[in-house]
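Spelled out from the first residue to the last, the chains are:
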Amino acid sequence: MNENTNPSPPKTALRLLSWFCPDYLYEEIEGDLIQKFNKDVRKKGRNYARRRLMWNAIRFFRPGILLRHKPVVSLMPLYMLTNYFKIALRIMVRNKGYSMINILGLAFGLTGAVLLGLWIKEEFSYDQFHTDKERIYMAWNKQRYKDGSASCWNATPRVLAPTLVSDFSAVESAISIAHYNDSYLFTAGDTRIIKNTASFVDAEFLQLFSFPLVKGEAKKALSNPNSIVLTERFVKKLFGDKEAFGETVTLSQAGNTIPFTVTGILKDLPSNTDFHFEFLMPFSFLETNFGKDTQWSNNSVNTWVKIKEGASLDALNEKIRDLKKKNTNEAENTELFLYPLDKTHLYSRFENGVAAGGRIEIIRMIGILGVCLLAIACINFINLSTARAARRTKEVAVRKVTGAFRYSLIMQFLCESVLVAFAAGVISLLTAYAMLPFFNSLIRQNLVLNFGDVTFWTFAVAAIIVVGLLAGAYPAFYLSAFQPVRILKGASISSNGRSRLRSLLVIFQFGFALTLITSTIVVFKQTIYIQNREAGYNKDHLVYHYLTGDLIKNFAAYKNELLASGTATSVTRTSSPITDRISNTASMKWRGKDPEDKTIIERFSIDEGIEATAGVKIIKGRDMNLDKYPADSTAIILNEAAVKTMGFDDPIGEIIEDNGIEWHVVGVVQDFVLTSPYRKVEPIVMQGSKSGNDMLGVVHIRLNDQHSVHDNIKAVSCIATKYNPDYPFEYHFVDVEYEYKFANVETTLTITSLFSGVAIFIGCLGLLGLSTYMIEARIKEIGIRKVMGGSVTSIIRLLSAHSLRPIIWAIALFSPGAWWGMNWWLQSFEYRISFSIWMIAVAAMALVSLALLTIIVQVYKAARANPVNSLRSE
Amino acid sequence: MSKEYLGEFEELILTMVAALQEDAYGAAIAEEIETRLKREVNLSAVHVTLYRLEDKGYIKSSLGGATKERGGRRKRIFTITSAGMAMLKAMKESRVELWKLVPQLKMIGG
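So the sequence lines, in the order shown, correspond to chains A and C. For the first sequence, the positions run 247 to 1120 when the working numbering is used. For the second sequence, the positions run 7 to 116 when the working numbering is used.
Bear in mind the hints are in silico, worked out from the structure with no lab data behind them. The C-beta atom is built at its ideal place from N, Cα and C for all residues, glycine as well.
With a Cα cut of at most 30 Å, we get these calculated BS3-like pairs of lysine-lysine:
hint : chain 1 : residue 1 : chain 2 : residue 2
1    : A       : 926       : A       : 936
2    : C       : 44        : A       : 289
3    : C       : 44        : A       : 290
4    : C       : 74        : A       : 289
Output of the computed footprint for chain C on chain A, the stretches with three or more beta carbons under 8 Å from beta carbons of chain C:
hint : segment
5    : 265-279
6    : 297-308
In silico contact screen, one side only, chain C against chain A (beta carbon under 8 Å); selected entries:
hint : residue
7    : 49
8    : 53
9    : 57
10   : 58
11   : 75
12   : 77
13   : 80
14   : 81
15   : 82
Let's have the full structure, built from the sequences with the hints guiding it.
Written out as structure tokens, the structure reads:
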């Protein structure tokens, strides 16, 4: 029988059979079918045979065949898979440098992504643990101005919460929470602890929110005015290992000493909450002792509302909108609205009265950063694999010739990339774990890598496989597409199109690095700029502490002794630390004030001598001095911004009305930073001691710089304890407190520099790999050039230019984005540097020189090599 | 002797395996049945029965040589086991026993 005339059986039928037939039976059945087919062809012709074959094949689709699939049906793919991994491992081991670059690059990218991912996850979990979170809302104010703009804030009157509960049927419960800054001395047995913030809440607080109690009942814990709820950590500090529940703790504040019963012990607050307190006291305590605050114009608390299930928020918002207007006589034009708890952490920035993002903007940036890090690491992998393709063409060709299918080659390459990704994943998890404490202290979070969590592992393994497949997909398809015949005949693969793609990817990588370097420069400059900002007062040798216990009574003697002993050169009582605001108002009155003017003015009360103590500069008029001018208790000093706001040409002698007192202006102080160094200086007034001793709870002490700080502090501590034996002495350095204001921008700086470092490192790793292979591919060309008389310099120039071209492109393409992005960031500071083009220029220079540094050794070696070595094999 | 029961088609296939010896594989058995008994059999039915007999231990199999006729695919050659042979014999004997009970007719020309 002539083989050529023997028609081949139709493939469809056999493919169908192979699909359902168990592998170990397939061969003989197929053989039988073919035999039958050939017989049919001879007897009854081709068409009949074909139909018959199809029909016969279909009839094998029966339980007697189908049920013969064994549980471990096919060892083949599994066997091949282990083989692929074995080969991949051998290849990795053989090319150690290349594997290192690949794995390290990917591991760096993954580490960054893991850390950022953990951070993002944490941010999204803020206050999401409350059981009824979708029914909990915070009350906000919206004030509309004449020019159509509006601003929002969340301080509300104390009276709002009870009103909401009693007057609105849709409200299930509503509570006030307030944090008051003052000095609170806790005494339990022999232990004494001072806390400078006290949190007051309504009794329903523990029911509205889901902070779990270790001991006590959420319903009853705060119902008694003299009850207190402590966190476990605070209990530990106060009581040690003794039982605290039901015990008494004494609280002293401003001369009052009151016993409280511990009626609840809270589990320590999780890190992912915006609530911060160590103890809770009921508002009913304040109200039974000092009376109720029913002022609708006094915004002193935050109000949280839980609405009834099924109640309409919009309807409720509509009803409460004008609540403030209804309850005040003055031309109040603030509106109230409720904003959901689950959006409070990330989406509570309002622009012109409309929600306009908030922290989510930063989180988005972080997300983009993480994805980009991962992307450049994957790009490295893709670039290196395709650049190395030339090396593996022969392997691919031989495999194909010996019968490898394309998909099995693809599988093989994917196995390699998954293996690399896996190695990188393991390294990155370990690195992330090791880096976590450091990273946590950087971003001031408490992130944990939970290795015991099943979902975490599922996620990690899935992520590694996805990264491996993503990074490996393109190289796998590219490498497996080679035509064995052409390769084995010696034709080189043309890689023009590929190298264009590679350049494109490199452009992206370095564009990203450029953006990050630019950010680092800008953030650095801005940080320095803010830190060097003139605070307006002298921070050195300046301490403050809260006036506690008997010090209030003995203040005059205390001050005298401080001055007489030569420890201090000047002492001033103030309402708040000079680094902090205590209160502000829009309802101050002065001559010629526009009734529509709602500018907020900061209050800062002093007794006297602020210039000598804090080192602020009085530029007009004089400082307060109660000995010389007893009327100075109603004196007021304005800062420059306040003078401008009030529109006085000569403010001295003007009268300013606030809190029912007529203050007379005695001086003007140069602008100084009271709140945030990122912002313009706001209008500040320094009011005299008429505001009352209660208002003057802090004392600032200018230490005598003739003595060492250590001696001074010891002396102050001694004197303070003498006049106030019941209290431990606690003090703060103003310069240290002032430094805290920079924590945020410093975090941003560290993070941007850290991640730009990572991005540059990954980029340079990739560039190193690419240039190595570029040189390898052009080694003969270099040899010929040298033989023909090319100089070393010209060859270096040629090779470097080739490597650097995509970087130049990156600079050209990504500069506008970097410029736009950094301008956007700078907008968040009122006090900021202006973005100049040289910052991008410096970043670009840095990038080019780094890239050059990376490749120069390789290029130099290649250019110096003896051409005989590269050419003799031809 | 086992209580195992063999169906008619199973017995037929088993007999063919015993008869064809080294040449007992799916397609050949089907062909033999077709030519000798003039009975249409389906290839898949033959295979399924062969596998079932193998499960029951009456035949065993091994992969044998490939021919061009089969497109290079190997055959699965079945051989009868002693259990299979015993079964065949037992069945034949019981048939003969039963046959004896049938009232004997005069064989024409006998």
